Every structure is written in C-alpha cells, then in structure tokens.
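Residues per chain, in single letters:
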Amino acid sequence: MPDEQVLIQRAADGDAEAFSQLVRQYQQRIFAFIMRMTANREAALDLTQDSFLAAYQNLSGFRRESSFSTWLFQIAVNKSKNYLKKAGRELPLPDNYDHTDPAPRPDDSYEAKQNRIRLQAEIKNLPEKQRAVFTLRFFEQLKFGEIAEIQKVSVSSVKTSFAEALKKLKARLS
Amino acid sequence: MTCADIQIVIDESFLSGGIKLADEIKKHTATCPACQNYLIEMTSLSDDLNLVSQIELTSAESEAMVSALSKEIQPKRVTSRFNITSLIRSGLAAAAIIIISFLARPDDQNPIVNFTIDQYWEELQMTRINPDDLSLLLVNGDGTDYLPSLIDTAEAKYLTNQIPAGQIDDLLFDIDSEELEYLAQNYAMEM
Chain V
-13 MPDEQVLIQR AADGDAEAFS QLVRQYQQRI FAFIMRMTAN REAALDLTQD
37 SFLAAYQNLS GFRRESSFST WLFQIAVNKS KNYLKKAGRE LPLPDNYDHT
87 DPAPRPDDSY EAKQNRIRLQ AEIKNLPEKQ RAVFTLRFFE QLKFGEIAEI
137 QKVSVSSVKT SFAEALKKLK ARLS
Chain Z
90 MTCADIQIVI DESFLSGGIK LADEIKKHTA TCPACQNYLI EMTSLSDDLN
140 LVSQIELTSA ESEAMVSALS KEIQPKRVTS RFNITSLIRS GLAAAAIIII
190 SFLARPDDQN PIVNFTIDQY WEELQMTRIN PDDLSLLLVN GDGTDYLPSL
240 IDTAEAKYLT NQIPAGQIDD LLFDIDSEEL EYLAQNYAME M
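Residue numbers (my numbering), protein chains in the order written: chain V, -13 to 160; chain Z, 90 to 280.
So that you can see chain Z by itself, here it is in the shape it has in the complex:
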C-alpha cells in the first residue's frame, strides 16, 4: 500500500464515525512520519467532532412537535403558518394577483375558473405579470379564498424542488416586491 492508499483508508475510517485501523495500516503509520502526522490530525478532528455529534430533541420537544403537527394537518388548513421568505412571498403574491385577476373576470371570459390548484400553477408559470393586474386586484377581491391553498401548494412545490427559484424570480417582472408583499399580507389579514 502506498501512502496515498493509507490516507484514503484513514479518511474512510474517519467518515464512518471513528478512526479504527487494521494492524497493517497501524504498522505503516508507525514508521511513516507523513502518514503518522495525517493520522494524528484526523484522529484529533474526529475526536473533536464527536463532541458535537449528539444534538437531540428532548422528549418534551419531540412530543410537542408531533402534537403541533397533528393539529396542523387536520383536514383543510385555512391559513398558512409559514414564515415565507420575501422572495417566495412576493412571487406567490404575484401568483395570487394573476389568478385573482383571472377569477375576477366574468365566467364567460375566464379561461381558468374551474382549474385545480395545480392547473392554476401551470397557468401561472406561463404568465408574466402585467402591472395592470394590480389595479384589477384592488378593485375586485374575488377569488381570495384561493390564496391560502395556493401559497401552501406553491411553497411545498418550491421546497421540494418542483419549482426552481428562477421561475419565481420571473414572476417579479416589473413589479415592486414590497408592494406585492404588502398586498399579500393585507389579503391574508382579511381572510
């Protein structure tokens, strides 16, 4: 075995949670200063890191979390409890604006009135924001019931990498994000 091979074995041992070496390796490190130094370095790091290897929820924290989640996932949540980042919030507010604008139209002009949330999202991905939609939103509050479920669905899709952040960025085209955030918050409060 070469020194490079020995160091790979040491690395692998380090990665499996604690350095335990075969006799053959020990023999080599005892006589090779470079490998000996490497072993000392890695053992020391392994010992140090094992100091922070146990991070645990207490049983009270664990049960509180299970209980809180059980309550949260009862059928049909009405409001979102997420702390959505300003990027997401802005993007989703934009999403809501577009959809609400669509919904505000009379049914015979409304192409997506019977869409599911997934279909809304598809529609949204193909749409760029028109600043005029803002005024439509302000005039017509119809469709706000969709906002919470839209936010939940879209955030979950983003978090699970089904929507790249870049697509949400696209939604912010030409719109001041603070304004959108303000509108989204107001709508959330109204609901």
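With the rest of the complex left out, here is chain V:
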C-alpha cells in the first residue's frame, strides 16, 4: 500500500483513485465521529461525504503542519457544528428524538439495544464542545494535544471539557 503522504500528493494532483484510497482509510472513523455528534445516521452519512469532498477541494491548501487525520477531523468537526447550528440541536433531546440504535447487532437482546440507545442519547445530550472532545478522546483515541489543535483551543481547555463531560456522563449513567 502506498505511503499516506504519497496518496495525499497524488490526490492533490487530481488522482481520484488515490483519493478513494484515503476515503476508504478514514471513512469509518469520520463517520463514527459525526454519528456520535449528530445522532442521526442519514445526516452522518451525508456529512461524512461532504467532509471528504471539502477535503478533496482543499487538498492543495493542506499545509501538512498537522497530520492528515487531524485535518480531516477538523473538517468533520466544522461540518457537524454547522449541521447542529442549522438543525438547532443544541437543545436537549426532543420527545420525537430518533431512537435509532447507533450500533445495531442482530443477536442483541432488547435490553442491550435500549442501553445503547440511552447511552447514545446521553452522549448526544452533552454540550457540543464537550461531546466533540469526549468523542475524539475516548472513542477516537486522539491525544489531548491533537484535540486542542482540531478545536483551536488550549490543551487545558480540552482537558477541562473532557473532565466535565466525564462527570456528567458518570452522574447520568450511575
């Protein structure tokens, strides 16, 4: 498999196949992140696609000061924020919240499914910034420094957001 830097350069030069390889490499992570941010599978699919398209259109502007994945997450965070702003979803979950199982597994019990839905709802109920920080740190295993770069805030601010998110989740799930 070609080196990622080679793929990025080839994609920036207009090689669609190289870009497709980058998409395949990162689409699961970007989708999972956006899905956790939006709690809406359809929107997450669209936003993931839009994120990659925006990345492609701006590949020549990618300065490689950060890693490609950090840059992609930066785009995904902005896409999610725009979506949430547009949808006015900063409020707590409405009564008609889409109770879609975020990670359906065919052999699961009803209780397990309900637990997953409740958890997803609790994550979704975190304020946007805390949700993004928590998701990037816990699920995507990014370092606090990388998250700070993505969010354009200080590392201590990221750590504070993470601690607050953790505290809220513990309280709600206990």
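Among these hints, one or two may not hold up.
To be verified - Here are the computed distance ranges between Cβ atoms for each label pair:
1) K160(Z) with A157(V): 40 to 48 Å
2) D(-11)(V) with D100(Z): 32 to 40 Å
3) E(-10)(V) with D94(Z): 32 to 40 Å
4) D94(Z) with K138(V): 31 to 39 Å
5) A123(Z) with Q(-5)(V): 51 to 59 Å
6) Q125(Z) with A157(V): 13 to 21 Å
7) Q11(V) with N139(Z): 19 to 27 Å
8) E101(Z) with K72(V): 32 to 40 Å
9) T120(Z) with K145(V): 26 to 34 Å
10) A123(Z) with S53(V): 35 to 43 Å
11) Q(-9)(V) with K109(Z): 29 to 37 Å
12) Q14(V) with T120(Z): 36 to 44 Å
13) K109(Z) with S53(V): 23 to 31 Å
Stated by the list, open to error - Derived EDC-like pairs: lysine to aspartate or glutamate, alpha-carbon spacing no greater than 16 Å straight-line:
14) K156(V) with E130(Z)
15) K71(V) with E114(V)
16) K160(Z) with E3(V)
17) K129(V) with D100(Z)
18) K153(V) with E130(Z)
19) K156(V) with D136(Z)
20) K138(V) with E51(V)
21) K110(V) with D137(Z)
22) K145(V) with D100(Z)
23) K67(V) with D32(V)
24) K160(Z) with D32(V)
No wet-lab data here; the hints were simulated from the structure.
Owing to the predicted nature of the structure, the values given are computational and were not obtained by experimental measurement.
Beta carbons: idealized from backbone N, C-alpha and C, even for Gly.
For this one, chain V is given, so just place chain Z on it according to the hints.
Structure of chain Z alone, referenced to chain V:
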C-alpha cells in the same frame, strides 16, 4: 502511591479503552474505599461506553460513498451540492455580489478581471459590502460563471479554518441576509 496517583492511573486506563490495572493498584483499591468506589464508577462507565463503541458504515454504505465521491470529484464540478448554512450562503452570496459587480465593470475600470479565485477571495476580504452593489448585480448578470467555483473554494477554506466565521459575518454588513440568500439561490438556478 497516593489515592490521587491511583485515580490518575485508573483514568489513563479508562482512556485507553478498557480498565486493566496492575497488581499494585488492585491491592490498593481492595483496601481503600475511596479508590474502590472510584474504580467501580469508572469500570461501569467504561463498560457502558463500550456498548456504543462500534458505529460502522456497512460495506454497501462505504462503497456507495466512495463511488459517489469519485463521481463528484471528476474534473470541474459545475454546481455545488453543499447544504451551505445560511451564514455561509449569505456571506458567499455577498462575495459573489462584490465580485460580480467588479466583473460587470468595463475592463479598463476593472481591477480584478484577471484574478484567480484566491485573489478574488483576498479582494473580498478587504472589501465591505456596499448596498449599491445589489442593484449592479441585478442589472448586470456577467460573471455568474464564477459563482459555483467561488462557493466551493470559499466553503472549503471556511471548513478548513482558513477563514474565520467572523470574517464572513463582516460581509453581511448592512445587507439583509435573506435577500442575499434569495439572490444566490436564483443565480444558482439560472446556472
């Protein structure tokens, strides 16, 4: 190790995806009620969160996305498929208005007629909207070919943090955003 140290170790273990502790830590938590409670709390949260750790695209969704993107990135897209937020759309409509207004001038009065998209954007950043440009836009439709590529470029720049939202806000100076949105949509339809 103090209780604070133990709790840091538990936190780090939690963050790496599952709580696995060394014997030394286990020994401490077995005899310290505060750390024991903390461990129970964090283990429970870790178990709960692992329930939602797998969110995946199906292989059909994955391939559909790759295929759709391949089609989208074929040379020179003509129209934008983005659902641009009203803020961006308004700002970009304003951008288009300014640029179209410039382009509508005779060449000898037009300072940016041969600009690239990046240069247009630089020009735009230094310009405030003049409401009179709206009427110019309505009278002269020249330059509308630039709108799709301008929107794509500017949106990509915004999304990749090369343009702060505040700058787009500045573009909305004195202009009713709904009107701009309406104009932008009409131009998009005409194209």
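Hints, one by one, checked against the model:
As the Cβ distance of K160(Z) to A157(V) is approximately 47 Å, the hint placing it in 40 to 48 Å holds. Taking the beta carbon of each, D(-11)(V) and D100(Z) are about 35 Å apart, inside 32 to 40 Å as hinted. Look at E(-10)(V) against D94(Z): about 38 Å separates their beta carbons, and that is inside 32 to 40 Å. Range check, D94(Z) to K138(V): about 32 Å between beta-carbon atoms, so the 31 to 39 Å window is met.
Our hint of 51 to 59 Å for A123(Z) and Q(-5)(V) holds, since their Cβ atoms are close to 54 Å apart. For the hinted restraint 13 to 21 Å between Q125(Z) and A157(V), the CB-CB distance of approximately 19 Å keeps it satisfied. The hinted window of 19 to 27 Å between Q11(V) and N139(Z) holds, with their beta carbons roughly 24 Å apart. For E101(Z) paired with K72(V), a C-beta distance near 37 Å keeps the hint of 32 to 40 Å intact.
Restraint check, T120(Z) to K145(V): a C-beta distance of roughly 30 Å satisfies the suggested window 26 to 34 Å. The hint said 35 to 43 Å for the Cβ distance between A123(Z) and S53(V), and at roughly 39 Å that hint holds. For Q(-9)(V) and K109(Z), the hinted distance range of 29 to 37 Å is satisfied, since their beta carbons lie about 35 Å from each other. For the hinted restraint 36 to 44 Å between Q14(V) and T120(Z), the CB-CB distance of approximately 43 Å keeps it satisfied.
At roughly 27 Å, the beta carbons of K109(Z) and S53(V) sit within the given window of 23 to 31 Å. Restraint check for K156(V) and E130(Z): the C-alpha separation of about 7 Å stays at or below 16 Å, so the hint holds. Taking the CA atoms of K71(V) and E114(V), the gap is near 10 Å; set against the 16 Å cutoff, the hint holds. Restraint check: the Cα-Cα separation between K160(Z) and E3(V) comes to about 11 Å, which is no more than 16 Å; the hinted pair holds.
Distance restraint check for K129(V) and D100(Z): the Cα-Cα separation of roughly 14 Å lies within the 16 Å cut-off, and the hinted pair is therefore satisfied. The suggested pairing of K153(V) with E130(Z) holds, with an alpha-carbon distance near 11 Å, which does not exceed 16 Å. For the given pair, K156(V) sits about 12 Å from D136(Z) by alpha-carbon distance, which is consistent with the 16 Å threshold. Restraint check: the Cα-Cα separation between K138(V) and E51(V) comes to about 14 Å, which is no more than 16 Å; the hinted pair holds.
For the proposed pair K110(V) and D137(Z), the alpha carbon gap of about 15 Å is at most 16 Å, so the pair holds. At most 16 Å may separate the alpha-carbon atoms for a hinted pair to count; K145(V) and D100(Z) meet this at roughly 12 Å. Among the hinted pairs, K67(V) with D32(V) is consistent with the structure: their alpha-carbon atoms are about 14 Å apart, no more than 16 Å. About 15 Å separates the Cα atoms of K160(Z) and D32(V), which keeps this hinted pair within 16 Å; it holds.
The structure shown violates none of the earlier numbered hints.
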